[in-house]
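K.L.:
So the chains spell out like this:
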Amino acid sequence: MVWFRLGLKNLLRRPVRTTLTVAGVAVAIAVLYSLLEFQKGYEKGLREDLNALGAHIMVVPKGCPYEASTIVLHGGKWPRYLKADYMEKVRAVPGIDESAGILMDAIIAKNAREKNQIFLGVDEHFRRLRQNWRFREGGWFPDADSLIIGANVAKELGLKVGDRYHIQEPRGNFNVDATFTVAGILEPTATQDDGFYFLPLATVQKAFNLKDRIVVILVKVKDVANVTPVVEALKKSEANMNVFPLTELLDTMGQLVKNTKVFVLAIVLVAVAIGTVGVLNTILMAVFERTREIGMMKAFGAAAGDVFKLIWAETILMCTAGGVAGVGLALVASRGTEAFIKGVLAKTALISVPKGTLIGFSWPVFGTAMVLALFLGLVAGAYPAWRASTVSPIEAIRAE
Amino acid sequence: MSDHEQTSVLDARDVWRTYRRGSEEIHALAGMDLTVRAGEMVGIVGRSGSGKTTFLNQVGCLDRPTRGSLKVLGTEVTSLEERALVAFRRDRIGFIFQLFYLIPTLTVRENIELPLIFARRKDRERVAELIAKVGLDENGDALPRQLNGGDMQRVAIARALVNQPKLLLADEPTGRLEHRSRDAIMEILRGLQREGLAIVIATHDLSLARQTDRVIELKDGRIVQNERESVVFRAA
Chain A
1 MVWFRLGLKN LLRRPVRTTL TVAGVAVAIA VLYSLLEFQK GYEKGLREDL NALGAHIMVV
61 PKGCPYEAST IVLHGGKWPR YLKADYMEKV RAVPGIDESA GILMDAIIAK NAREKNQIFL
121 GVDEHFRRLR QNWRFREGGW FPDADSLIIG ANVAKELGLK VGDRYHIQEP RGNFNVDATF
181 TVAGILEPTA TQDDGFYFLP LATVQKAFNL KDRIVVILVK VKDVANVTPV VEALKKSEAN
241 MNVFPLTELL DTMGQLVKNT KVFVLAIVLV AVAIGTVGVL NTILMAVFER TREIGMMKAF
301 GAAAGDVFKL IWAETILMCT AGGVAGVGLA LVASRGTEAF IKGVLAKTAL ISVPKGTLIG
361 FSWPVFGTAM VLALFLGLVA GAYPAWRAST VSPIEAIRAE
Chain B
1 MSDHEQTSVL DARDVWRTYR RGSEEIHALA GMDLTVRAGE MVGIVGRSGS GKTTFLNQVG
61 CLDRPTRGSL KVLGTEVTSL EERALVAFRR DRIGFIFQLF YLIPTLTVRE NIELPLIFAR
121 RKDRERVAEL IAKVGLDENG DALPRQLNGG DMQRVAIARA LVNQPKLLLA DEPTGRLEHR
181 SRDAIMEILR GLQREGLAIV IATHDLSLAR QTDRVIELKD GRIVQNERES VVFRAA
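Which chain is which? The protein sequence lines are A and B, in order. Counted from 1, the first sequence has number 64 at position 64 by this note's numbering; the numbering is strictly sequential. Counted from 1, the second sequence has number 182 at position 182 by this note's numbering; the numbering is strictly sequential.
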């Protein structure tokens with residue numbers, strides 16, 4: 001501890017220089033922390049989103065399955081459909097506990113003040129899949145013109161059970177024009193459901209002129225160990241269906257993000273390298289400035305190892321401070337960073353962006369960032385510490 | 001061990017220190033012989049480049065003689081390994097310099113403690129005792145920049161004494177001090193001498209050298225006078 005105490009006093013000798021060097025390390029560590037935390041939060045968020053579906057297998061129309069699954073997870077318009085009678089083929093496959101066909105459509109916002117209105121046509125089968133659903137007010141559809149809304153929709157529009165809700169949008173020869181009565185308001189689910197409008201399946205088919213169409217079939221198997229044979233059987237039952245297990249989706253999307261992580265890591269490495277050189281430069285400069293003082297310390301009995309430890313302690317202190325400041329910076333800037341990354345990811349339809357906070361505090365990521373900061377300190381401090389340890393007291397006296 | 005060796009703190013015999021500059025050999029010390037006994041204060045005078053500091057460096061184990069024998073406190077230091085030399089220097093020899101070399105970020109107390117830290121020892125009582133001894137009771141927590149030159153040299157003396165050395169080497173200890181501080185420092189050194197500490201002072205200041213027991217005059221790395229009343233004083 002004594003080396004750290006002495007080292008701290010030396011660092012405070014040049015507060016501006018020390019602060020700037022610590023800031024350099026902090027930026028590198030902040031980038032690293034944000035990246036690792038986002039990666040962790042993304043996987044967790046995606047897993048939660050997929051779990052909230054209450055299904056093991058997703059069946060979508062032919063086309064890119066990841067684009068389809070992103071639409072399914074976060075809502076939207078996708079001009080590809082399955083025939084509603086595929087449901088019968090799906091339900092005929094053995095090993096299925098529950099399956100629900102969903103039709104999805106949306107009225108896209110025309111300006112920044114408005115929000116997209118995403119409608120999901122669902123039935124009783126869907127309700128059985130959504131085990132996490134609780135009604136804050138009202139309940140399931142009593143009739144064909146009933147509407148169930150997510151907690152955020154209710155809050156934003158100030159809707160209550162019994163209120164009327166009207167939609168209108170011209171679509172070529174067809175005019176979407178319908179009025180519904182709010183029958184139920186969901187408790188918050190911390191999933192995309194909070195922002196959706198749920199209608200009876202047949203009502204959406206009629207309102208959006210999509211008779212006998214559905215967008216996705218969610219399938220829950222009886223035994224999770226049998227997902228693969230069920231997927232194979234579903235593929236055989238209808239050639240126009242794209243069938244994949246949600247674990248595969250999780251892996252693939254996770255892999256896509258991991259691939260981008262390689263490039264971001266390269267940037268982090270450059271930042272860390274710059275931070276390391278900055279620390280090395282600062283400490284080396286301090287060693288040169290204090291050559292006489294170090295020589296004199298050796299004259300008073302400091303062994304080479306003592307001087308090495310002292311200089312190393314200064315570097316480690318600086319990098320540790322940089323690590324803590326970096327994590328603090330990452331947390332302070334987390335909302336902005338998150339919004340930026342989510343914005344970038346949202347531009348690609350291939351990568352689903354989970355809802356909720358993705359960059360937060362976690363001890364393992366904090367530990368990783370601090371270990372790297374410490375490693376940076378050990379590496380950056382080694383050469384200046386060695387230089388200092390070889391200072392000759394005689395040289396210091398001659399300089400006098 | 002002879003009686004002579006038992007009482008001598010320093011015993012230098014035919015000590016040479018030679019440097020090479022290209023093909024030229026420079027003899028900074030050219031056969032120095034000197035014995036200093038416990039409780040003796042010896043002044044070394046001579047012009048710049050005469051070998052005063054070089055001799056102190058050899059005695060203080062900061063440098064090794066090219067040849068010759070150098071016994072400090074009965075130990076032949078020329079044959080000590082580097083690690084042993086560091087420990088010997090730390091535990092048996094004290095240094096004070098013209099420029100004090102206090103660590104500016106450490107308080108008076110911490111500066112004095114520094115050699116104890118290097119020796120992996122803790123002795124707060126010793127530090128407090130030394131602070132009192134050099135007359136800095138009120139300044140234990142002061143930083144060096146808050147002290148005048150005389151007080152800084154007092155701190156340097158306390159630091160040199162903290163590991164209880166038997167030999168104190170002083171290189172121009174009053175070179176940067178005004179008269180009153182110089183006298184105060186010399187008074188402290190005389191007190192230490194009375195306690196049995198051997199002190200070797202290298203100085204240009206003849207009036208300071210006059211206050212020592214014996215004056216050695218160096219020229220070209222050799223002793224040209226070694227007597228109680230050196231010719232340099234008569235010349236001065």
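It is worth saying that the hints were derived from the structure and are not from the lab. The C-beta atom is built at its ideal place from N, Cα and C for all residues, glycine as well. Any given hint might turn out to be false.
So the derived list for chain B, only partly shown, Cβ under 10 Å to chain A, looks like this [unchecked claim]: (1) N57; (2) S79; (3) R83; (4) D91; (5) L99; (6) Y101; (7) L106.
Here are a few chain A residues that sit away from chain B, every Cβ distance over 12 Å (derived from the structure) [what the hints assert, rightly or not]: (8) W3; (9) E67; (10) D97; (11) A112; (12) S146; (13) T179; (14) T189; (15) I267; (16) G328; (17) G367; (18) S392.
K.L.:
Determine for every hint whether it applies to the structure shown.
P.N.:
Hint by hint, here is what the structure shows:
no.: 1; hint: N57; in the structure: holds (6 Å)
no.: 2; hint: S79; in the structure: violated (19 Å)
no.: 3; hint: R83; in the structure: holds (7 Å)
no.: 4; hint: D91; in the structure: holds (7 Å)
no.: 5; hint: L99; in the structure: holds (6 Å)
no.: 6; hint: Y101; in the structure: holds (4 Å)
no.: 7; hint: L106; in the structure: holds (6 Å)
no.: 8; hint: W3; in the structure: violated (9 Å)
no.: 9; hint: E67; in the structure: holds (62 Å)
no.: 10; hint: D97; in the structure: holds (71 Å)
no.: 11; hint: A112; in the structure: holds (56 Å)
no.: 12; hint: S146; in the structure: holds (76 Å)
no.: 13; hint: T179; in the structure: holds (78 Å)
no.: 14; hint: T189; in the structure: holds (58 Å)
no.: 15; hint: I267; in the structure: holds (37 Å)
no.: 16; hint: G328; in the structure: holds (26 Å)
no.: 17; hint: G367; in the structure: holds (31 Å)
no.: 18; hint: S392; in the structure: violated (8 Å)
Hint violations for this structure: numbers 2, 8 and 18, all remaining hints satisfied.
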